[in-house]
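Chain B: place on chain A using the hints.
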Amino acid sequence: MNDPELEELFADPAHREVVDLLKTTRPAAPPLDPHFRNYLRAKLMTEAQQTLQPRAARPWFSSLRPKVLAPAMAAVAAGFLVVLGVEIYLHREPSPELVSVSLPSSKTNVATAEPIVIRFSGPVDKNAVAETVVIEPATAVTKQWVGQSLVIIPDHPLAPNTTYSVSLKPTAIPPPPGPKTTTQPTPAVAPTPVVVRFTTVRAPVAPVVPPSFKSSNVRYAHDSRLADSGTVFSAGWTPTGQLLVSRPAGQPGLGSASPSAAASPAGPAAPRATTDVWLMSTLSTPIRLVVPGGSLPAAAPSGGLFAAWRSAPGNRATLDIWDLQGNLQSTVATVDGAPDRPAVWLDSDRIAYLDQGTLRVAGLHAAVDVPNLKVDHGSLAASATGQFLAVESADRSVVLDLTAGSAPRRLPDHATGFAWSSKGDLAFLIQQASGTDLWIGAGGVNAGRVASSPAGQTWSDLNWAPDAASLMLASKPAGAGSAASRLMLINADGSALTPFAAQQEYSSPQWASHGDFVLFTRQDEAGGRAFWLATTSPLDVDAAEKQALAEVEKFMQARLRRDIAAAQDGLDAQGRTAYEGGASTLLSPAGTQFDRYYPVTLQKTGSNPSKFLVGVRIFVSHSGAQPSFFEEQLTLVLRDQRYLVDAVKSTPTMLLSHGPTVLSVEVVQGSPEQQVRVRFDADLRSGTVTKDTILVTDADGKPVSSRITFDPDNHLATLTLKLKVGSTYQLAVTTGVADINGVSLAQEYDAPLVISR
Amino acid sequence: MPDGFEERELVERAKQDPEAFGALYDRYFPQIYRFAYSRVRDQSLAEDVTSEVFFKALRNIKRYTYSGHPFSSWLYQITLNAVADHYRGQHGEVDLEEGASVPSGGPSVVDEVVRRDRSRRVWSAIDQLPRQQRAAMVLKFGEDRKIEEIAVILGKSSGAVKLLLHRGVERLRRELPQLEVELT
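Protein sequence lines correspond, in order, to chains A and B. Remember, my numbering sits 326 above the position in the first sequence when you count from 1. Remember, my numbering sits 78 above the position in the second sequence when you count from 1.
Only true hints are included.
Pairwise CB distance ranges (calculated):
(1) Pro339(A) with Ala238(B): 22 to 30 Å
(2) Thr468(A) with Lys234(B): 41 to 49 Å
(3) Asp359(A) with Ser235(B): 34 to 42 Å
(4) Asp126(B) with Pro339(A): 39 to 47 Å
(5) Thr657(A) with Lys134(B): 52 to 60 Å
(6) Lys134(B) with Pro915(A): 54 to 62 Å
(7) Ala238(B) with Ser1031(A): 27 to 35 Å
(8) Asp126(B) with Asp451(A): 41 to 49 Å
(9) Asp359(A) with Ala238(B): 32 to 40 Å
(10) Asp1024(A) with Pro108(B): 31 to 39 Å
(11) Ser1012(A) with Ala238(B): 47 to 55 Å
(12) Thr372(A) with Asp126(B): 15 to 23 Å
(13) Ser1031(A) with Pro108(B): 38 to 46 Å
Below, in silico cross-link-like pairs of lysine-lysine (DSBU-like), each with a Cα-Cα straight-line distance of 35 Å or less:
(14) Lys140(B) with Lys240(B)
(15) Lys452(A) with Lys140(B)
(16) Lys369(A) with Lys140(B)
(17) Lys234(B) with Lys1050(A)
(18) Lys93(B) with Lys140(B)
Rather than coming from a laboratory, the hints here were simulated on the basis of the structure. Yeah, the Cβ is synthetic: ideal placement off N, Cα and C, and Gly gets one too.
Chain A on its own, in the form it takes in the complex (with noise of 0.2 Å):
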């Protein structure tokens, strides 16, 4: 019978009889004339004619059904579900097979590990037309064919901001037999590809430096220990000021208290395959577990997206690269034992790492050559912009140039603790026997001596300070354990060496991005090392200082309440003339308030003490919010015994973030009801999460009735709701939706739902 419906319903011998000899023939074709037929069509088509509307463009329809899509998509990274795409209709090309390409020639914003799906009419040699595929820039995929769809998932995430070229040439295999409709096609091949063009999302706001900030007029202000030795073992920053740190697996997370420091006093850290990556703030608080069993966290610059090392069978661990809500993006090596090191992100699309001591590189999207070079524990680190990899291999040391692809360029024997600064200069130290060298150069060419170490002294753990005006180190005498190790600031010309901080047992610096904390590590009482924050401040002032500062605060919080007379009355007449004519905003303006400031700078002007410039960064709220800060700097002179604002220069506004952004939609099917998952980039204000700005219609518009939750650690929000099978619905995601800082969505999200059986 073959008809599991048939076989259903009639189990009766007698009838499977009659339902068999039904199957087995046919009704006699009817009479037809065959000019009747036609006849019928030119009729029909000279009404569509005039009644249905062409357009030049080829109609946009969104049809990818996420079940159908669903094996397709588990092969893209975690927490990618379901695309919810947009097709249009190319503007066809001789190629008679292409129907559509998922994403629209010239779109941008594409997500970066979206598939790209290319729908074909008719029958097309799979094997062929999958092997033309090309992509540009090179980029590993990989292709599935979903029915008569190539579905093209990239095996890493797109490098962001980028556009891409996605070129193939369809090629028909004959139509089956059977009456020839208009639509199928011509067994044929494409004269020419057919390339679509899209550009991914821009990367996360790289961080700002704020432009007060000075790293020569900073002080060691005080310290907090981000957790007790032997409960970190490795911690490095984000861009955005958090910390990726390894933990012992296991450990409580938010809202969990820490094991004592007594309890498991622990020496350096040693990666283990015990370990769990965690994201922690500023204030020791596990954030979120990123990945379970990983160790060896590195933040890329910019994109979100670490990596981190886990075991694997046999002895073996894996490098992979994940997001910072935890999801998973791609394995990108795989090595032989246990690395003890993390691995060396280049710009945010290669990572170096070691391979049994053999440095490697692999690119996220394409394959990247290098020397091979044996480093094992020799020093590695790479420019901000990936484009130079300084190499301390075992017999010499180098600067590779990933860019140009030239030969390595040498740098002085012994080079090592290599350091690059965020406006290309490389640091790095040779050990002398009466002490330490420290030579900088750009880009390490020309590198020269700028700096050595007072005799007795060793120098080790360069660090840049964000402004790339002066480096971190730690110095100890030479000989002397990590004990007798303390922190010191010199100034990238090899000038104004001074201690950070007077408590001795520091090492490894390294700086937040923001210059406002630096991250090290000390040795406890019981010979363990933990992790401390110390936190940064403008340099001591005298009473000269203090009082210029005291005028600031009264001027500026005069500011903050709106009250314009005791405002004006920390200006002088020039300062009311600079104000007035536009050179800053004395007072909010309507919609928005000064929600705070604090000083970041104070420095006299050449040897006049009855004037200073001071810098201010001033929060900028909107409704509550916090989204963007400038600064001012404030020329203060003398007048009457007072300080008084003379003149005022402002910075532009610098956003503190650039709002949550959807990152995947799902839909899980279930019955009665349906939940569609949105899950975004960021940490959300939970209130902004709601039925009204997140909601999905049916196709009149009108919203469908729903219940929602939002899960904030997995920045998940959930609407249960009856959706009907195979009926179309349009997802709608508000810019009321807000991240913690209260900037909003950057522009609404709409997306087709199609509800497949």
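Same frame as chain A, but now just chain B:
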């Protein structure tokens, strides 16, 4: 049979694009005409019904929304309505539904089918079934529609369609021995 993805795509295009509508016509004309003919058993009438079906489809396609069933289901529905309208206009409303039996007057089923080959005999027997049984039987055995889809076309539940099919088959089962006897 086109997959649903492609069909939906074509239908969406047809809301704007005459060529796409023409493609739909090319694709579905044979089965709609065949179905219409199976209902009216008259070539001229089948042409009228088919013409009416496609013009109605053209005029209403912008309001068509995909419901999870093939586009042809919608065309079948229009066909059924067109046939019903025809009968209303020509003969008044005729209820050939439940309780109706194979006509006893005029040429009997046996009289008719004995002139045909085996296949034709069976299908001719279906032609004599009550209206909705016949529609269900044609759609299931002649057009290979799924029961759920037939339910949509006929505006009935799947259970009701199963009942129609069961009764149709049962009726044929009762008639078939008689047919076989006539043949021998």
